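There are 2 protein chains.
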Amino acid sequence: MPPRAGVDLGGTKIQTVVMDGRGNVLGQSRVPTPTDGPKGIVTAIAQALGAAADEAGLATDSLVGVGVGAPGGIEPDAGVLINPPNLPGFDGEFPLGPELEQRLGTRVQLGNDVSVATEAEFRLGAGKPYESILGVFWGTGVGGGLILGGKQWVGRGSAGEIGHVVVKVGGDRCPCGRRGCMEAYAGRGAMEAKARHRQKKGEKTRLFDIMEKRGRERLTSGIWARALAHEDKMAIDLIDQAIEALGAGVASCVNVLDVEAVIIGGGLGIRLGEPYAKRIAKAMDPHLFVNDHPPDITVATLGDLGGAMGAALLVKTRG
Amino acid sequence: MPPRAGVDLGGTKIQTVVMDGRGNVLGQSRVPTPTDGPKGIVTAIAQALGAAADEAGLATDSLVGVGVGAPGGIEPDAGVLINPPNLPGFDGEFPLGPELEQRLGTRVQLGNDVSVATEAEFRLGAGKPYESILGVFWGTGVGGGLILGGKQWVGRGSAGEIGHVVVKVGGDRCPCGRRGCMEAYAGRGAMEAKARHRQKKGEKTRLFDIMEKRGRERLTSGIWARALAHEDKMAIDLIDQAIEALGAGVASCVNVLDVEAVIIGGGLGIRLGEPYAKRIAKAMDPHLFVNDHPPDITVATLGDLGGAMGAALLVKTRG
Chain A
11 MPPRAGVDLG GTKIQTVVMD GRGNVLGQSR VPTPTDGPKG IVTAIAQALG AAADEAGLAT
71 DSLVGVGVGA PGGIEPDAGV LINPPNLPGF DGEFPLGPEL EQRLGTRVQL GNDVSVATEA
131 EFRLGAGKPY ESILGVFWGT GVGGGLILGG KQWVGRGSAG EIGHVVVKVG GDRCPCGRRG
191 CMEAYAGRGA MEAKARHRQK KGEKTRLFDI MEKRGRERLT SGIWARALAH EDKMAIDLID
251 QAIEALGAGV ASCVNVLDVE AVIIGGGLGI RLGEPYAKRI AKAMDPHLFV NDHPPDITVA
311 TLGDLGGAMG AALLVKTRG
Chain B
11 MPPRAGVDLG GTKIQTVVMD GRGNVLGQSR VPTPTDGPKG IVTAIAQALG AAADEAGLAT
71 DSLVGVGVGA PGGIEPDAGV LINPPNLPGF DGEFPLGPEL EQRLGTRVQL GNDVSVATEA
131 EFRLGAGKPY ESILGVFWGT GVGGGLILGG KQWVGRGSAG EIGHVVVKVG GDRCPCGRRG
191 CMEAYAGRGA MEAKARHRQK KGEKTRLFDI MEKRGRERLT SGIWARALAH EDKMAIDLID
251 QAIEALGAGV ASCVNVLDVE AVIIGGGLGI RLGEPYAKRI AKAMDPHLFV NDHPPDITVA
311 TLGDLGGAMG AALLVKTRG
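Heads up: the sequence lines are chains A and B, in that order.
For the first sequence, this note's numbering begins at 11 and goes up steadily by one.
For the second sequence, this note's numbering begins at 11 and goes up steadily by one.
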């Protein structure tokens with residue numbers, strides 16, 4: 011079975027992998043996401059794929075195909091990206107699939123980033139022992155992926171928006187504009203906005219010192235982890251609120267879906283790891299209707315490569 | 011195809027139907043649920059089935075089988091009811107299936123009341139045009155049933171507990187003991203407790219006058235409807251809160267599942283009907299993540315017979 015490649019197209023980085031038919035990663039490469047629009051992104055993807063193929067000792071056009079996981083709306087058959095959020099310079103629709111096919115000389119298949127990352131954990135990662143899982147991708151936002159009875163559930167195309175489960179009617183404003191969403195408390199984007207606001211009001215925190223020392227412009231997951239390690243009060247308080255919201259929102263989903271396992275991924279989920287997955291499980295407990303039979307709560311095992319590996323799974327290896 | 015029968019075993023009434031293979035109701039009967047425990051219930055079910063069969067011009071033992079929808083836990087293969095809530099005199103397990111089979115001389119199949127009512131709406135009622143629906147049973151509690159891709163989704167056996175989706179972290183105490191559940195605001199049980207409490211504190215309401223005039227001990231759906239028609243302030247306020255909670259909780263479910271339609275049933279859902287389904291749809295709108303593509307929101311069309319019809323569907327007509 012010839013190797014295939016996967017691309018995780020994110021707002022800040024492009025991660026690529028070359029993977030064999032058994033899900034082993036043969037090569038990988040990561041580059042920052044260009045901010046000059048679609049053409050720059052096509053070039054960056056091609057370069058990152060070239061580097062991953064090099065590491066695998068392969069030429070790009072010997073790959074059986076390339077899968078791309080992208081944020082937002084997708085027309086998978088046409089290979090079209092529709093208004094992807096967090097990708098600067100993309101307005102309206104862009105035929106990323108056809109453009110990449112021309113550049114790479116191999117088939118390209120598009121999928122939603124959260125869906126493919128969930129599929130990867132299900133088939134190759136922490137979800138392997140289960141038939142029904144909820145993937146919780148705790149990062150800038152909070153995304154969700156569902157495998158029910160061994161299959162992706164996407165509804166009419168937009169299922170899994172667990173970040174916008176309401177945990178507090180009339181609560182905090184979410185970056186999506188609505189009120190009381192889980193993401194308004196647990197999304198890294200919302201948390202950063204709150205931290206900036208509280209600092210401006212005079213509250214002390216080391217979050218932004220750490221950010222500057224590390225030459226960043228955003229509070230990355232690593233910065234949150236460091237601030238927690240330094241017992242920064244504001245970071246602790248905001249993470250506590252995030253965990254309380256995740257507990258309520260994820261428990262709500264479990265009450266409705268009764269899945270076997272919840273897999274915690276995403277930048278914050280992976281960076282904070284098992285101790286925080288345990289804290290989320292504990293925060294879920296008071297809200298679980300069948301609390302003598304909770305689902306397993308576990309951290310995604312594919313780490314930062316999960317999205318790209320899931321994208322590679324989009325490439326059909328038969329037929 | 012020989013006729014089959016269905017029983018909706020509720021806390022206050024037992025509804026039976028005899029139904030042909032096409033889902034037409036040939037006869038039906040309703041009796042109050044006895045409060046003297048399992049033996050009394052077996053007798054009452056047998057009598058009500060006899061009356062429904064009479065109306066259909068049939069003998070009970072000529073039925074191809076009888077399905078029973080019951081609250082709480084079920085062991086369908088053994089025909090055992092496990093700690094059914096709201097059924098007085100039931101402690102632990104009771105072999106309702108075998109007991110009824112002996113009494114009736116025909117096969118008996120048990121199922122969960124909410125699951126069978128959802129199946130009935132899906133196959134015979136308001137859910138017919140769809141492949142994925144969320145059934146919302148708005149009554150004493152708020153139950154939920156899921157059809158995804160044309161099939162019931164029950165998870166590990168306890169899916170659909172939408173009444174215990176958290177709409178307000180730290181919010182009102184729910185009859186289940188937890189805080190902030192949708193049912194703490196929208197369940198008729200919780201609403202009655204709040205009404206009694208507010209009346210005790212001196213607030214005026216006609217709810218309990220109407221109850222007494224109608225010789226009831228509980229605030230039934232009909233009493234709520236009458237109080238609303240009389241523009242009773244407390245009734246209006248509590249129903250407003252219920253609708254706000256339903257809007258948030260059901261929208262949360264739609265954000266996660268992206269079903270095609272939400273079917274509103276249950277005592278209050280059916281009694282208050284289309285105008286209140288529209289109000290729930292409006293209350294969902296500010297919380298729907300994809301709000302330019304909302305699901306259809308519609309009232310259950312099988313009315314009070316849905317549960318018994320769904321129970322009849324448990325009887326396999328082939329093999």
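It is possible that part of the hints are untrue.
Heads up, the list lumps identical chains together, so a pair's fine if it works in one copy or across two of them.
[Claimed, not checked] Derived pair list, reagent style BS3-like, types lysine-lysine, alpha-carbon separation capped at 30 Å: (1) K23 x K161; (2) K138 x K161; (3) K204 x K138; (4) K210 x K161; (5) K288 x K23; (6) K214 x K292; (7) K49 x K243; (8) K292 x K326; (9) K138 x K223; (10) K223 x K161; (11) K210 x K292; (12) K161 x K211; (13) K326 x K161; (14) K210 x K49; (15) K23 x K138; (16) K161 x K49; (17) K288 x K210; (18) K292 x K23; (19) K211 x K49; (20) K214 x K243.
By construction, these hints were calculated from the structure, which means they are not laboratory data.
Note that the coordinates shown come from a computational prediction; the quantities given were computed from them, not determined experimentally.
Here is how each hint holds up against the structure:
no.: 1; hint: K23 x K161; in the structure: within (28 Å within a copy, 39 Å between copies)
no.: 2; hint: K138 x K161; in the structure: both (13 Å within a copy, 24 Å between copies)
no.: 3; hint: K204 x K138; in the structure: neither (37 Å within a copy, 46 Å between copies)
no.: 4; hint: K210 x K161; in the structure: neither (47 Å within a copy, 53 Å between copies)
no.: 5; hint: K288 x K23; in the structure: within (29 Å within a copy, 44 Å between copies)
no.: 6; hint: K214 x K292; in the structure: within (29 Å within a copy, 42 Å between copies)
no.: 7; hint: K49 x K243; in the structure: neither (43 Å within a copy, 62 Å between copies)
no.: 8; hint: K292 x K326; in the structure: neither (40 Å within a copy, 43 Å between copies)
no.: 9; hint: K138 x K223; in the structure: neither (40 Å within a copy, 60 Å between copies)
no.: 10; hint: K223 x K161; in the structure: neither (44 Å within a copy, 54 Å between copies)
no.: 11; hint: K210 x K292; in the structure: neither (33 Å within a copy, 37 Å between copies)
no.: 12; hint: K161 x K211; in the structure: neither (48 Å within a copy, 53 Å between copies)
no.: 13; hint: K326 x K161; in the structure: both (16 Å within a copy, 27 Å between copies)
no.: 14; hint: K210 x K49; in the structure: neither (38 Å within a copy, 70 Å between copies)
no.: 15; hint: K23 x K138; in the structure: within (27 Å within a copy, 45 Å between copies)
no.: 16; hint: K161 x K49; in the structure: neither (34 Å within a copy, 44 Å between copies)
no.: 17; hint: K288 x K210; in the structure: neither (33 Å within a copy, 43 Å between copies)
no.: 18; hint: K292 x K23; in the structure: neither (32 Å within a copy, 39 Å between copies)
no.: 19; hint: K211 x K49; in the structure: neither (42 Å within a copy, 68 Å between copies)
no.: 20; hint: K214 x K243; in the structure: within (8 Å within a copy, 48 Å between copies)
Hint compliance for this structure: hints 3, 4, 7, 8, 9, 10, 11, 12, 14, 16, 17, 18 and 19 are not met, and every other hint is.
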